[in-house]
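Number of protein chains: 2
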Amino acid sequence: MRLISRWQNSAGERVRIALRLKDLEYTYVPVSSLKADDYRKLNPQELLPALDIGGQIIAQSSAILDYIEETVPEPSLLPSEPIARAQARAFGALVASEMHALTVQRIRRFLQSELKIDDPGVSRWVRHWMTLGFDALEETLEQRAVQWPFCFGDRPGWADLHLIPQISAARRLECDLSRYPLLLAVEQRCVPLDAFRLSRPEAQPDYPDSHNS
Amino acid sequence: MRLISRWQNSAGERVRIALRLKDLEYTYVPVSSLKADDYRKLNPQELLPALDIGGQIIAQSSAILDYIEETVPEPSLLPSEPIARAQARAFGALVASEMHALTVQRIRRFLQSELKIDDPGVSRWVRHWMTLGFDALEETLEQRAVQWPFCFGDRPGWADLHLIPQISAARRLECDLSRYPLLLAVEQRCVPLDAFRLSRPEAQPDYPDSHNS
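Protein sequences appear in the order of chains A and B. In this text, residue positions in the first sequence follow my numbering: the first is 5, and each later residue adds one. In this text, residue positions in the second sequence follow my numbering: the first is 5, and each later residue adds one.
In case anyone wonders, no lab produced these hints; they're calculated from the structure. Where a beta carbon is used, it is the ideal one built from N, C-alpha and C, also for glycine. Incorrect hints may appear among the rest.
Distance ranges between label pairs, derived from CB positions [stated by the list, open to error]:
1) B:32 <-> A:158: 36 to 46 Å
2) A:206 <-> B:41: 40 to 50 Å
3) A:180 <-> B:29: 39 to 49 Å
With the hints as extra help, turn the sequences into a complete structure.
So, in structure tokens, the structure goes:
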């Protein structure tokens, strides 16, 4: 099982965390080691990450996570009760579709170079979608019937592995997170754990020595 | 089971199709019949659709689809083989996260009113992400080992119910689809089917009589 990713790709970080939470071995393949045309042939979506299972490719982190969960059910990333499972998935989907997808580098670049938005405009864009998203995530945790230590249970899972890389991305983009005590408390519990610590950008083999942020 | 949605909400259309493919009864609740504050209390994400199961709310169409698939497995929306399942999900996730989420009305409005992008600029934005997405979807269908009549099988399912509303949205936004013969062939097979026909915007009770587009 090969995971094609890049050190700072936060969708890839989600999958790295999931693989470690399930104690699954994988080979990390930095996309920089492949030719762009070769990667496009493997994955017409071109985005990262992709999971390569003996030459068969799965794109999109959410599809990879479901594949991992279905083929290696234990330990589960999701609550066992159907509605709670769905709510954990909805938490993850908000991060992936309404926060990450709107604020990743390719989007910021398009705003800048194609639509000629200046830096303060791009920052406004990023903060708007981040704030809308984090507000909803914090409120979702407030509304939980049980105030678990992690988002949806006593162990970290689907929602947490979406949240932690997104908090890191928000910090890199200088978003104010002080209004989110519940989200930050979950983060504090996750960061020391091996599955999260070893999945961070700076722990990846393609992390550049010269990178200072 | 209540589905809170709006006639032209294409994420809601996906769920409507899924419910009909599984022959499940549901009550359609137009969001316009609720107060905005009441809806925000029900669903902190505020987006549409939401599934209300006896007062418990599931947000995000992908989480709703998984809930439906898990609680009513037959007829399945997904292929049975794990990698094919994942590829069908990746097809859907590309539509939801990289096409729909980037081009929906709230995004176009923010570009216009907050970032002062003119109409040709907004059109460029929409067409850029639509084209990237449809190019990848068409290539994904070309690469299939078997050229099924529907995206990933002999019956319509997960990928198809994402594709059809997105094609309609692209037409409303005047995107050129002539380069996508495989996608359009799938559409031709889906549109006459009840599950798709009865889920269309104009078949919903809140579709405005005066709407001409």
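Each hint, compared with the structure:
1. Look at residue 32 of chain B against residue 158 of chain A: about 37 Å separates their beta carbons, and that is inside 36 to 46 Å.
2. Between residue 206 of chain A and residue 41 of chain B the beta carbon distance is about 43 Å. The supplied range of 40 to 50 Å therefore holds.
3. For the pair residue 180 of chain A and residue 29 of chain B, the beta carbons lie near 46 Å from each other, so the given range of 39 to 49 Å is met.
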